[in-house]
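Engineer: Sequence:
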Amino acid sequence: MLFPYIAVIVFVGLIAFGFVFFRNVLALRQPKDAEPIPATILQRIAFWGLMAGLLLVAAAAWMVISIGAEVIYDNDDLRLQFTGIVMLGLALFAALSAWTGIALKRRAKLDERDIAVLAQAPMVQGALMLLTLAAWEIGLQETFRGTPGIPVTYIHLMFWSCLAANMLALPIGILIGYRKG
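In the numbering used here, each number is its position in the sequence shown, counted from 1, plus 102.
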């Protein structure tokens, strides 16, 4: 089965991309004599939300890779643990969305940069979800070539990974927007 190897390679690639991306985001590339621009509240929420989301995705991915998708799906305790990790991610995303709304309402006014970033950030969501689906399609096709079907557990994992990609893409889009901006 090639799927675990493909999953590990994709995961390591995403971690490497994330490391390089965050190193560049955190290193403000301004002239040496310029005063650094402090991060906005939206930037800080996006950064910490992305870090927490990556931690939960890493925990879920580690569980699937180390134990096996079929074992988790067949064992009620393991399936509940995995679902708990995923539900914690959903709760975190909901809390961060609410926190963002409250923080932005307290400011009472967004500047043009904030509005532009918020308008462009959702574009990353569709792209990342399509990349996730493409990775699943290729991985499942290569893993189960010549078999009569795909186990149902992979369909569940496909859904959860697309949802995780959607949740991680918004903070990534916000951070990219501020980086460009």
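The hints are simulated quantities; they were obtained by calculation from the structure and are not laboratory data.
Incorrect hints may appear among the rest.
[What the hints assert, rightly or not] No farther apart than 20 Å at their CA atoms in a straight line, the calculated lysine to any residue pairs in the SDA-like style are these:
id, residue 1, residue 2
1, K207, I147
2, K207, V110
3, K207, I187
4, K207, M225
5, K207, V254
6, K207, V188
7, K207, A197
8, K207, Q145
9, K207, G115
10, K207, M153
11, K207, A218
12, K207, I217
[Claimed, not checked] Pairwise CB distance ranges, derived in the manner of DEER restraints:
id, residue 1, residue 2, range
13, R247, V173, 37 to 43 Å
14, R281, R181, 48 to 54 Å
15, W201, G251, 40 to 46 Å
16, G115, G203, 32 to 38 Å
17, V122, P253, 32 to 38 Å
18, Q222, V122, 19 to 25 Å
19, A205, Y107, 29 to 35 Å
20, F119, P253, 25 to 31 Å
21, Y107, P250, 20 to 26 Å
22, C264, D176, 20 to 26 Å
23, F261, Y107, 33 to 39 Å
24, A229, D179, 20 to 26 Å
25, Y107, K207, 45 to 51 Å
Computed from a predicted structure; not experimentally measured.
Backbone N, C-alpha and C define an ideal beta-carbon position, used for all residues, glycine too.
Engineer: Next, verify each hint and record whether it holds.
Structural biologist: Hint by hint, here is what the structure shows:
1. K207 to I147: holds, 14 Å
2. K207 to V110: violated, 41 Å
3. K207 to I187: violated, 30 Å
4. K207 to M225: violated, 23 Å
5. K207 to V254: Roughly 43 Å between the alpha carbons, so the hint for K207 and V254 is violated.
6. K207 to V188: Given pair K207, V188 is violated - Cα atoms ~29 Å apart, limit 20 Å.
7. K207 to A197: holds, 15 Å
8. K207 to Q145: holds, 15 Å
9. K207 to G115: violated, 37 Å
10. K207 to M153: Violated: K207 and M153 sit about 24 Å apart, past 20 Å.
11. K207 to A218: Holds, because 17 Å separates the two Cα atoms, which is no more than 20 Å.
12. K207 to I217: holds, 13 Å
13. R247 to V173: 37 to 43 Å: Violated, at about 22 Å.
14. R281 to R181: 48 to 54 Å: violated, 39 Å
15. W201 to G251: 40 to 46 Å: holds, 43 Å
16. G115 to G203: 32 to 38 Å: holds, 33 Å
17. V122 to P253: 32 to 38 Å: holds, 35 Å
18. Q222 to V122: 19 to 25 Å: Since Q222 and V122 have Cβ atoms about 21 Å apart, the given range 19 to 25 Å holds.
19. A205 to Y107: 29 to 35 Å: violated, 42 Å
20. F119 to P253: 25 to 31 Å: holds, 29 Å
21. Y107 to P250: 20 to 26 Å: holds, 23 Å
22. C264 to D176: 20 to 26 Å: holds, 23 Å
23. F261 to Y107: 33 to 39 Å: violated, 22 Å
24. A229 to D179: 20 to 26 Å: The hinted range 20 to 26 Å is violated for A229 and D179, with Cβ atoms some 36 Å apart.
25. Y107 to K207: 45 to 51 Å: About 47 Å separates the Cβ atoms of Y107 and K207, which means 45 to 51 Å holds.
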